[in-house]
Amino acid sequence: MLTTQMVDRLQQALWDTVLMVSVSAGIAVLAGIPLAVFLVTSGSDGIFPAPRLNRIIGTVVNGFRAVPFIVLLVALIPFTRLVAGTTIGVWAAIVPLSVSATPFFARIAEVSLREVDPGLVEAAQSIGCRRWDIVRHVLLPEALPGIAGGFTITVVSMIGASAMAGAVGAGGLGDVAIRYGYQRFDTTVMLVVIAILILLVSAVQFSGDHAVRRLKAR
Amino acid sequence: MTGAAATLARSAVTEIPAAAAAIRKAGTVRFEGLGKTYRSSAGEVQALSSIDLDIRAGEIFGIIGRSGAGKSSLLRTINRLERPTTGRVLVDGEDIALLDEAGLVALRRRVGMIFQHFNLLSAKTVYENVALPLRVAGVARDEITRRVDQALDLVGLAGKGGTYPSRLSGGQKQRVGIARALVSRPEILLCDEATSALDPETTVSILRLLRDINQRLGLTIVLITHEMSVIREICDRVVVLERGEIAEQGEVWQVFGAPRHPATQALLQPLQHGLPEDLADRLHETRRGPEDQAVVELTFAGSAVPDLAQLTELAGGRGLRLLSSQIDRIQGRAIGKLLLALGPGGDAEFPAHLADRTRIIGYVDDTDG
Ligand SMILES: Nc1ncnc2c1ncn2[C@@H]1O[C@H](COP(=O)(O)OP(=O)(O)OP(=O)(O)O)[C@@H](O)[C@H]1O
Ligand SMILES: [Mg+2]
Numbered sequence: 001m002l003t004t005q006m007v008d009r010l011q012q013a014l015w016d017t018v019l020m021v022s023v024s025a026g027i028a029v030l031a032g033i034p035l036a037v038f039l040v041t042s043g044s045d046g047i048f049p050a051p052r053l054n055r056i057i058g059t060v061v062n063g064f065r066a067v068p069f070i071v072l073l074v075a076l077i078p079f080t081r082l083v084a085g086t087t088i089g090v091w092a093a094i095v096p097l098s099v100s101a102t103p104f105f106a107r108i109a110e111v112s113l114r115e116v117d118p119g120l121v122e123a124a125q126s127i128g129c130r131r132w133d134i135v136r137h138v139l140l141p142e143a144l145p146g147i148a149g150g151f152t153i154t155v156v157s158m159i160g161a162s163a164m165a166g167a168v169g170a171g172g173l174g175d176v177a178i179r180y181g182y183q184r185f186d187t188t189v190m191l192v193v194i195a196i197l198i199l200l201v202s203a204v205q206f207s208g209d210h211a212v213r214r215l216k217a218r
Numbered sequence: 219m220t221g222a223a224a225t226l227a228r229s230a231v232t233e234i235p236a237a238a239a240a241i242r243k244a245g246t247v248r249f250e251g252l253g254k255t256y257r258s259s260a261g262e263v264q265a266l267s268s269i270d271l272d273i274r275a276g277e278i279f280g281i282i283g284r285s286g287a288g289k290s291s292l293l294r295t296i297n298r299l300e301r302p303t304t305g306r307v308l309v310d311g312e313d314i315a316l317l318d319e320a321g322l323v324a325l326r327r328r329v330g331m332i333f334q335h336f337n338l339l340s341a342k343t344v345y346e347n348v349a350l351p352l353r354v355a356g357v358a359r360d361e362i363t364r365r366v367d368q369a370l371d372l373v374g375l376a377g378k379g380g381t382y383p384s385r386l387s388g389g390q391k392q393r394v395g396i397a398r399a400l401v402s403r404p405e406i407l408l409c410d411e412a413t414s415a416l417d418p419e420t421t422v423s424i425l426r427l428l429r430d431i432n433q434r435l436g437l438t439i440v441l442i443t444h445e446m447s448v449i450r451e452i453c454d455r456v457v458v459l460e461r462g463e464i465a466e467q468g469e470v471w472q473v474f475g476a477p478r479h480p481a482t483q484a485l486l487q488p489l490q491h492g493l494p495e496d497l498a499d500r501l502h503e504t505r506r507g508p509e510d511q512a513v514v515e516l517t518f519a520g521s522a523v524p525d526l527a528q529l530t531e532l533a534g535g536r537g538l539r540l541l542s543s544q545i546d547r548i549q550g551r552a553i554g555k556l557l558l559a560l561g562p563g564g565d566a567e568f569p570a571h572l573a574d575r576t577r578i579i580g581y582v583d584d585t586d587g
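The listed protein sequences derive, respectively, from chains A and B. Sequence positions in the first sequence follow our numbering and run 1 to 218. Sequence positions in the second sequence follow our numbering and run 219 to 587.
Think of the hints as simulated: they come from the structure by calculation, not from any bench. Take these hints with a grain of salt, some might be off.
[As the list claims (entries may be wrong)] Here's a subset of chain B near chain A, in silico, CB distances under 10 Å, partners left out:
1) Leu299
2) Ala320
3) Ala324
4) Phe333
5) Arg353
6) Tyr382
7) Leu386
8) Val401
9) Ser402
Quick reminder that beta carbons are idealized off the backbone N, C-alpha and C, glycines included.
So that you can see chain A by itself, here it is in the shape it has in the complex:
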């Protein structure tokens, strides 16, 4: 059975994971949506054409997407120290988590934005919308269900990544699972952590699906 000490530890770990994931997810949205809008609108036939910059940014995004998270985690250590002032703990983990989630989410949001019917953009132009009006009133609202679905996928994969960050001293559920489950062969703790992760992911997926359904019901 679990000691009360272990229950406290698990509680703290759950909280750490939720904190890591939500702050990083917030950053991923704040940075990822503008990035996605840029990628979609700056193509040579887009509403803000800047094809060279578009190619450069696209390549950078792909670069980040190509590096496995665990490698990124290590490679970013100097940057993390610069930003968070430390390389261990929850706040330090948020740096690589956001850096990895942002391009991931941006690409998913980009797909949804590209699926917006060009006829709608044209209609907006024909009624005198300026370019920013089009982003605000057409692209983002019309792509919102898809973006919400993409956000769900992003958060779920971040929960997984946060467990990996735990391996390098970030705290959270992954940290507990590795320290007690793996290094001390405490199977119960391992199973409890797995159960919590499953519940967490299910809850995220459920609310995400629900939100998408509501957005689509219009």
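The hints should help you fit chain B with the ligands onto chain A, whose structure is shown.
Same frame as chain A, now just chain B with the ligands:
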């Protein structure tokens, strides 16, 4: 539709008169040596070349032509959704190629557009869709409410403001499209196959709405359609495009009454009845005997009126049968053909004033078969 027409009358009377008088003079489009070439990785496509054309204020102007003839390309240069490669487009005398972004936005508020697939924003309600042109123009909130309600009233959709477009029928969606296009009080309305996705009955009601709008608000309407009946019903003048060039243009009754270009003839073919098949089988080119009946085709292209009394008189007592008839009244003129069988007794002379063209197309032994 009658409901819409009634609300149309009401709101137009209460709101528009002063504006309409001012608007009447505006709403002209002139194309000068217009050319458009699309360049893509697949190569170049010359969509339009040397188009010279005038669209007058307050008229309903039709653009027809085969698929790929350049109709949409031409229409879309009017609000600069497409930029000409050569030549100029003048709206109310102003070269729109010279407009900066602010000027372009202002132009587009004077030129409304509706689309085949409506292009309504699915994330916004009907009200929000119609309000958007005013919102982005920075119109005050209560003014927006007033004008959106008025526009929805105009198209017969009062009370539907809170609905999302996905819950509307095609005809209702197009009405929202029209309301959205009209809410900025444009001088020109562009319609790219606006009724192509609608059933015949809804098409008629939308056309009626467009004509009412044209007459009450003095709006210039430029429309593309594949349905010749649409042109016949509501257009004043029509241009026929063929491979990016003007094949012919003119008053609808002229073009439909006497199509000169093969492209026009091909487009109008579906409207023609042609020679009834049983008759065609028995028709011979030359007279074989005195009992033969002459089959006469009278073509009406707008100047003559089918005068039945005169025709009967001409036939004398010989008998004159109507084999097939197809006369449309277009812009107050009789356009079409009559096919008559003249009873036995030699060829009669049909005087020139009887029809625009008279021709004996052959002889039959007996019209009853
Ligand atoms: N954006 C584009 N890029 C490349 N070619 C184009 C583009 N738009 C139109 N074209 C080409 O230009 C020509 C004229 O097209 P347009 O759409 O004006 O024809 P249309 O008369 O409206 O045809 P439809 O009746 O099928 O709508 C066609 O050959 C078409 O393939
Ligand atoms: Mg077209």
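Right, here's what the structure says about each hint:
A cut of 10 Å between beta carbons decides the hint on Leu299/B: the least distance to chain A is about 6 Å, and the hint holds. Hint on Ala320/B holds. Least Cβ distance to chain A is approximately 9 Å, under the 10 Å limit. Proximity of Ala324/B to chain A holds as hinted, the smallest CB-CB distance being about 8 Å (cut-off 10 Å). With its C-beta approaching chain A no nearer than about 6 Å, Phe333/B sits inside the 10 Å limit, and its interface hint holds.
Using the Cβ-Cβ criterion of 10 Å, the hint placing Arg353/B at the interface with chain A is satisfied: the shortest such distance is roughly 8 Å. Hint on Tyr382/B holds. Least Cβ distance to chain A is approximately 5 Å, under the 10 Å limit. The beta carbon of Leu386/B is not positioned within 10 Å of any beta carbon in chain A (closest approach about 12 Å), and the interface hint is therefore violated. The criterion of a C-beta within 10 Å of any C-beta in chain A is met by Val401/B, whose closest approach is roughly 8 Å, and the hint holds.
Evaluation of the Ser402/B hint against chain A yields a held restraint, the C-beta minimum of about 7 Å falling below 10 Å.
Hint compliance for this structure: hint 7 alone is broken.
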